Each structure stands twice: as C-alpha cells, then as structure tokens.
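Chains as they are written, first to last, in our numbering: chain A, 4 to 601; chain B, 114 to 570.
For the record, the hints were derived by calculation from the structure and aren't laboratory data.
Since the model is a prediction, treat every value here as computed from it, not as a measurement.
C-beta atoms are modelled at their ideal positions from N, C-alpha and C, and glycine is treated no differently.
Be aware that a few hints might be false.
[As the list claims (entries may be wrong)] To spell it out: a stretch of chain A is covered by chain B in this simulated footprint if at least three of its residues, at any positions, have a beta carbon under 8 Å from a beta carbon of chain B; those stretches are:
#1 116-123
#2 131-140
#3 213-220
#4 247-257
[What the hints assert, rightly or not] From chain A, some residues computed to sit far from chain B (all C-beta separations above 12 Å):
#5 Asn163
#6 Leu169
#7 Thr236
#8 Lys265
#9 Gln461
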Amino acid sequence: MSARPGRLRAVCHGALLAGALALVACDETPAAPPGGFADTQDATDTTPEPDTLLVDTVVDTTPSGPVRPEHCTTKLSPGPAPLRRLTKTEYDNTVRDLLGDTSHPGQAFPPEEQTLGFDNNASGRGVAQVHVERYMIAAENLVRTALAERREQIIPCDPNDMPALLCARMTFSRFGKLAYRRPLTSEEEARYEAYFEALLPTEGFDGAIAMLLEVMLQSPHFLYRTELGEPDTDGDGVSALTGFELATRISYLLWGSMPDDKLLAAAEVGLLATPEGIATEARRLLKDPKARDALLHFHRQWLELPKLETTFKDAEIFPDFAGLKDRLETETERFIDHVVWDGEGDLTTLLSASYSILDPVLADFYGATYPATESEGTLPERRGFTKVDLDPSQRAGLFTQASIMSTHAKYNQTSPVLRGKFVREQILCQPLQPPPANINITPPDLDPNLTTRERFRQHSDSDECAGCHKKMDPIGLTFEHYDGNGRWRDAESATLPIDVTGEILFTWDANGPVADALEVAHRLAESEQTRECYVTQWFRYAHGRDTGFADECNVFDLMQAFSASNWNIKELLVALTQTEAFRFRPTVVPGGGVGVGE
Amino acid sequence: MKNDPKAGWSRRAFLRGAGGVAVGLPFMASLGVGPFSKSARAEEGVFPKRLVIMFSPNGTVKDNWRPFGGETNFTLSPILEPLAPFREKLLVMEGISMLTAKYGPGDGHQTGMGQMLTAVELLEGDLFQGGGDSGTAGWAGGISVDQAIANVVGKDTKLKSLELGVQVHGATVWSRMSYLGPNQPIPPECDPAAVFGRVFGDMSISPADLLKRERRRKSVLDLVLGEYATLVPKLDRFDREKLDAHLQAIREVEKRLQTEVVGVSENCVVPGQPQVLPHMEPGNYEAVGRQQMDLLVSALQCDLTRVATLQFSHSVSGHVFTNLGLGQGHHDLSHEGDSNADAQQKLTTINRFYASQMAYLCQRLSEVKEGDETLLDHTAVLWVNELGKGNSHSRDEIPYVMVGGCGGYFKTGRYLRFLPQTPHNDLLVTLMQAMGLEQTTFGDRRFARGPLDILRG
C-alpha cells in the first residue's frame, strides 16, 4: 500500500470545554493511503454527518477537577446568551398550554436545523418566507379554534355589558401576559388599544380581537425568548435576568413550554431573585408530567433515537427489524422514563442497569422472561411494557439496547466503527473527524469465512488507519455480540466465534483493556469523563449553544452538584437552573456588540 | 384552462375559484418598481425567465461524464446520455472549479455544499466538525445565488422562491444549499403534499373569499411588522440581525398580499393533489422526486415562482439505489479508488440516474407551450454538485450541465471546456445576468472576475 504523497497536517482543535477537556492539536497525521478502510455511513444514511476520524487526536487529561478555578470567584461568567426562537416542539407545547390546542401546528413548520446534535441551538435558524407563512396560518387556525371552543377562557368579559374597549383591554392584557410570558408594557397596552379601536368599526369586536390575538402569536415576544435583562448597575457588563425572563428559562428547560400561572406569580413577587427561590420552582416543575416529555426530548436527541425512524435493514438478513422499530424506540423511552422518575434516578443506572422496560415481544427478542403476573388474562400481544430483568452477562443499560445497536450498524451488518464513534462522541464528548479525501471508506463485504473483527483488521494492521481507528474499533468490536438488529448472538456463525475483547484509550479515567461490552458499559458508567460529558450535553441543550471558555466555572459548579447528588439526573436539572450562565446574561447594549463571553 | 400558443404572455392576475370559474383581476403589467432590470420584469408579450438549480451529491466520474468531440459536434457520455433529447438545448461546462471552496473553514463536503451557491467561505465556528484536517466550521457565510436572484425577480410572484428537497436528511451545513444570508440556511421542503398545500392550496378558495382573506392577512402582518420594528432597536447587534431577517421575511409575505400581485399566468393548470407516499422512505426516492418535479413545473407554468432549487439528498449522501440494483451507499462508493472499475461503474449508474431525473424535469418543462416556444426555452436548469470527484473531495472541475436557453440568453447545444482556474463565482454571476440582474460579480471578490460571456455565444 503506497502512501499518498505529502503529509496531512492535522489541526484537531475544537475545545469541548475550554480548560477542561480539549482535543489538542496533533503535530502530524500519517498520510492517508488510497486503499485504507474507514467505515462511515450508517445503515440508511439518516444523517449526512461523516463519522470517522483519521487524525491523531490527543485528549487533554484535565477534567474540571476538585477546586473551583480562582477567577470564578472574582467575576461572573454567564457566557453569551443568543436570542432563541421557539422550536417546533416548543411551539406546540406552548400553544397547548396557552390555548389548550393539541393540534400540533408546529409539525407543519420547516424542519429544525440541528447544531451540535440538538434542535434548539440558537445558531443557523434563519427565517424564510415559508416560516412567516406557516406562523401566519398557524396563528389564524389557533385563534379561530380557540375563540370557537374556549371563548370564555380567552375573552373574560362580555362586550355587551361594558364598553368594548374595556373588554378588549382585559382580553389582551390577560392573553398578553401568558403569550409574552410577562405583563404587557404600558407602551404595548396603548399600542394594542389603538389597533383595536382602528379595527373595531370594520371588523366588529370578535373580528378585531381575533386579529389582535393573531398579531400577538406572531410577535417576536411570543415566537422568541426575548431577554433584555435588568440594568447593569455595577458596570461589569453582566446583568441579572428579570424574574419573568428567568421563569421562561426555567419552564423551557424543564417543560419545553411556557411558564404556568404559579411560575409567573413567583416571578412577579420576586421569588426568583434568589437561587433558592429558583430551585423551589424548578423542583415543583419537575413534579409535573410535562417534565417527563421534556426530558425525553433531550435524551432522544442525545442518543440519536430519531434515526430509528429512517433506519431500514436488509429484509433477508433482518426480517423482523421493520416490525420491531417502534417497539425498540418505546423501550428506550420507557426505560429512561422509568430510571429518571420511578427508579434509581441516576446516570449510572441509565448506563448500566441489567433490566429494561419491555413488552412480551421484546422480552422474547431479548431472551428474557416477561413477568407471568403482568396483565394476566390479557392476550400476549395486548400486554404492555413493564420492567423485565435481563441477563446481566448480556446487557447493560442504554449501551446495549437494541435501539442504539441497530441505529449504529449497517444495512446488512454490524458496524464497530459507528458503535465506537457513538461512544466517543455522545458518551465521552470527543468529537471525531470524518475521513479525509482519498480514503476508501466502503465497509468490507460480508464474508462467510471471516468475522467482523477479521474483516476490519486492516484498521489495525495499517499504521495509517490504526492511528485513528484505535479510538473507535477497540470499543466498537466489544459490541459484536449484538447483531445489526441489536439481538444477542453467541457467534457470527457456526464456524465463526466472536472475540469481544477490546480496549479503551484516550480517556481521563477509563483507559485499559476490556473483556466485553459489559465491561465498557460499567466502566464508562462510573467514569468522570462520561459524567462531565453528560453535563456538557445538557448545558448545550439548556443554553442553545456550545460551552466556551467562560463556562469553565459553570461546568465546574454543575459537576459539584451532580456529584453531591450521586449523579442524580433530576438534581442535575435543578443545578442547571442555579449556574451563573442560567441566572445572568451579558448586558444588552442596543446596537452594540455582544458582551461578556463572546 | 386557456392554452393558446399565440396568446403570448399576459400577466393578468387570474384566479380560478372552487367552481372552476375564472376571474380576471386588475391588470398589472405596468407594475414594475424596485431595482430589477427591464428584462426580468414581467411585461406584456414577454415570458418571464425562470431558474431551476438541481443538486446531486458526491461528485461524478469524470471519464464517463465528459462528452466526446468538440464544441458543437459532441457525443454525449454514458452519464449524460439520458439528456440526448435536449442536446440542442444543452450547455455542458467542463473545467469550472469552486476555487473559493478551497479556502476557509470546513471539510470538502461542507465547503462544497455551503459554497456551491454562495461562493464565499463558510463562517468560522465550532458548530460542525469537519473531516480530515479541516477543523470545525459554521454555516455558510453569504447569500446564495438563487436567493440573490429571487430577491429581484421574485417580487411579482406568489412565492419569492421555492426550495424543494428529495429525502434530504440532516439539518446541518452538509444538507443546505440555499441561504438568505450568512448563517441563515433555508430548509428545503421534502414532502410533496406540503408543497402542494403551500403552492396550490389557495386555488380551491373562491376569488372573493381569497381577496377578503388576503386583505385581512395584510392588516395583521402590518401590525406584526410593527412589533418587530419596535423591538429591534433595543437589541444588541447580533440579535438585531436575526430579527431584521425575520422582519424582512414578513415584508416579503406582506408585499405579496397586495391583491394586485397575487396571480397566476393565463397558462396555469392547477395540478391535482399528489398521491400520498411515505416521502422519506428510500424506496420512494425516484417517485417522490417526480412528484416534486411535477409540482415544480406547475408552479413555474402558473408563474407562482420563478426561482427554485431541487435538492436530491445531501452532501455525503449514502442513499442506497436499490432501484438500480445497488447495495452500497452512494458516499461509500464515492470513496473507492479510480482503479476500482466496479465502483466506478456503479457511480456512473448513479450519476446517470440523476441525469435522467434532469431529463424528466426538462421533458415536463418542454411540454408547456409558451408562445412559439416552451417553458424550457424560458428557463435555465442548472445541475450542480458539491464536489468534482468523490474520492478526492476535489472541488475542481465541477460537472456543471445546463439545459434551457433562459429566454434566448444562452447559446445552447454546446460542450465548452473552460480554462483551469475558472471560478464558479463567474458561472453564478452569469446566471444573475441571464435572469436580468445587473450585478457584475458574485461572491468572494478575490475570485470573482465577471460573467462567462462565452455562454452567450
């Protein structure tokens, strides 16, 4: 194999957490051979994201550590707070809570751009003509339905019993406070009164009210989470958020929706001015079922679950996959739901539990026993999902669930590369780089005489490939007991036994040989790096942006709280509402640059 | 509907009600304000020019793409052979390169995709991890040429532009070709039913009701505009840009609600609702593509828009062409070496498939009579790719193919070989001029030189 002329210089920067975990520049990368292997596409190509690294990355072994950095105590570090538009999901949740409308109008909006794996990043979400059209149509339909079905909730008075303007004022100040998640300003009240009076002669009371409500549903104060903050009294460029702005942050983080009356009331009387007051409300919100949905929304994206819908398998090799897909998705969702809310509540269990939440079909699939007492007398196919013990020598937490094993596999075979990549990127927050040009990335063909490990041997035999594939393959190959469907197999075939030994490299605290995937799961479930990565993923989701240098203090504080709770996920969510990044923002300078942290 | 080839172009606002009754609205041929030049304006007797940019991913197989022969006496290659019926309307352009896409952040696919129609570097950023030694990148750094053109020629039509996709997965810099401006990607609509609703949904409403609705909408949007205008000055520069863009988009919609402007051509035939297919299912790739193209042709024919993009899949697409008897994903195949004859043959088959999709679109456009010519004659259909060659990620020698004269602007029926280092900025600005804009350069000024006059003859 001849090396390509010239050598690639690798610049593998891209700090995950400045000062905490960084992929630092590596000097040189072996030149890429024209014939090397780099398995890159998943079974169905649900995402165009290339997925293999071929540059030598080195992980800085400096986790956030036991001591709070000194500068954290001298200066507030909120980091940037870019303006965020409601996502489709947030829009749907919000109109459900605002108007009682469950028609999911947001599903007709254009697809959400995805940045860093989440749909709610503040970046890259431009508004085109099509967005405006869809917002307009959604507002029309929402108002029409609301006034027809829930009129007395929207219009709290009878315009025949009092001056029309007074009733209108009552209507839009009440609606405005909910829609804008704060009381209307006097300027706004005056403006809407003027609009109403101008429209009344031609449109009548109902017509004018309907149009005004539509205006409010298309206002930036509804569609965006606008934040102007409190004045910057000490001139440090950092402002506290107003109580209402905080209420909005809390509810969109924990509910993916608008604040309820109680939260708005707490904001109004100043209860959110202290971290303790915020925590009290956060805990209250976490008791509401809406928090379950919001948590699932995060976990679905973190685990790349939406890929299932567009994953298709070779029906000759995996004939039952099409029929299992929905169940596998349900399993993972129910499992997360159970662990967080009804079970142990911690990240460690999520990543290592030897049980899952299954129906009888999936219990069969996993070779587990569906509890006989469950739904006795019901036909097996009608029996629901329930907690089922799995063989602890075969399964461990999310890592080995078939939803994740099957989406991180190919159309007709497993993929050690995709599975290793999943662990590196999603679990350890070590972004890998896709292959450079001039690399053959076709997965080796199925061969009845060779195991997957043997077919992928070129990755380790060739120095060029090994430099990078040692980050993926030695982890990915431990998952070879799970076929492209995620089903357990003792061997690849009668003549091909499976060797699932491997090694974890380049982590802060989890390095070393592993006997199988179970050891990978259990070791990573206890790893500091995994935990900090999970915190980082939540931070990205909560703030709609990546962590930056200014967030060193925020992540440190989150890790302290997460650790103190023994890695309890609900406690991490409460902690997310306590950070400087959550409670403060750079002071808004009209027309000026972005303040602190940019 | 009226379809008299001698009728010429009369841009009467012309709406068909639920009962099939045609209602003529005020004549608006004299409406022509704004910065657009004469030739882009819809005038009595002059058919408007249209632009369609079709994308397919992962580069081509040059040896099987390149025609044989000279400028006019060429023979089409295995890949381009499906376009043979349109040989006299073809411009095969060899050698034009995305020079800008060798600079700035991003890997080969990212820069190719994000610079394909913008011709400026991607933004710096940590949003997307690039391949090889490329580090990270943000979204595209400028407006795309389709949008720059639509900003001018899209003023008179119901939709400024139409962005259609066929199984576009992902919502990242790898999957977006159209941009309103820096950091503002436009997602393509992949569901034909949604496209139908957006473009033709109004056609079932009676003209009187439609008028009433449009007036009401305009009043509401006027007030919505006020909300944005009041907030914008209070924000910092960064957030201000976002809301300004939103405000601009509201203006675009609001302007179209002036009843004089909403209209369709006399030639309009409203299509039926597309058959419902699981539109993201790989097996429906070709069928969904056809539905989108059918809707596109109708939208152009009705003059509901004049600028469109049609995006098949996305850069790095791993679509498996089971309909062509292939088992491997496109991207995997595209990384195979030049010496792998089997892979090169499969890639040829895939690219030939895309040529046949373009041929289908052109066929449908050529079936619509406009005066003595056809809709195809008044359109430029440009086929673009984010790479020249898949296995090297080369952004040199992009396999550009155009069909249609764009209202006699281009001299077609030719195979042109450009000098190395001809920047694609110049092809893009040529499109702008063909569509009636007066701009003389487009994109990164370090590369942009000016229109490729050779395309005119």
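Report task. Go through the numbered hints given earlier and state which of them the structure violates, listing their numbers in rising order. Result -> 4
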